[in-house]
Amino acid sequence: DTEVTQTPKHLVMGMTNKKSLKCEQHMGHRAMYWYKQKAKKPPELMFVYSYEKLSINESVPSRFSPECPNSSLLNLHLHALQPEDSALYLCASSQRIGGYEQYFGPGTRLTVT
Amino acid sequence: QQQVKQSPQSLIVQKGGIPIINCAYENTAFDYFPWYQQFPGKGPALLIAIRPDVSEKKEGRFTISFNKSAKQFSLHIMDSQPGDSATYFCAASGRASGSARQLTFGSGTQLTVLP
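Sequences listed follow chains Z and H, in order. All residue numbers for the first sequence refer to my numbering, where the first residue is 1 and numbers rise by one. All residue numbers for the second sequence refer to my numbering, where the first residue is 114 and numbers rise by one.
The following block holds chain Z by itself, in its conformation from the complex (with noise of 0.2 Å):
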């Protein structure tokens, strides 16, 4: 079983909420991935957790805020967002931080009003 959950399916938020992203992974994998995807574009990469520890931030502004709750599940706070933050959200994960295989979720759409 290679599936990666994410909830929930769309969001819709205005520029002062405050939301959350959440996906899980039952499969034992210890490295966990936030990626952003805007339309006809290819992934980009935003965190890495290695055994629930923050390991890669690329830049990402703080109005995001990953967490690592426990090895199965990540999650991405959202705070006073933008409209350019409208996206898809995707959640990936592998083996470890060194493993080849990384496996996605479907993704939150986000859109932020």
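Check the hints yourself; a few may be wrong.
[To be verified] Below are the EDC-like pairs computed for lysine to aspartate or glutamate, each with C-alpha atoms no more than 20 Å apart in a straight line: (1) H:K171 / H:D144; (2) H:K171 / Z:E101; (3) Z:K41 / H:D144; (4) H:K170 / Z:E101.
Don't read these hints as lab results, they were simulated from the structure. Just so it is clear, the structure is predicted and the values come from calculations on it, not from any experiment.
Got chain Z; can you put chain H on it based on the hints?
Just chain H now, kept in the frame of chain Z:
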């Protein structure tokens, strides 16, 4: 150095045709080359991958050809079907800082297979 160049941007073939998508890279530290298939509104799905010690890999109707000296690799889809219509991303992976491994994606190819 980190870029992966993908072509064509879009591709239309008839059912049964063999679409070919090409990618080229510069960074010789890349050592893993996956292809992802993405349907509208879905996340990318790992389709097939190759490492530079082999020149070809087949999985079902999908074949990767790899030319290490030219730093190029390509995806061939045999007997293409309308259900193969999707966006295809090539990617390359190598060791980043420490033991981290990051994917560098190509720009994507939108494939349409006509019935």
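inquiry  = Run through the hints listed earlier and report the numbers of any the structure violates, in increasing order.
reply    = Hint check: 3 fails alone, others pass.
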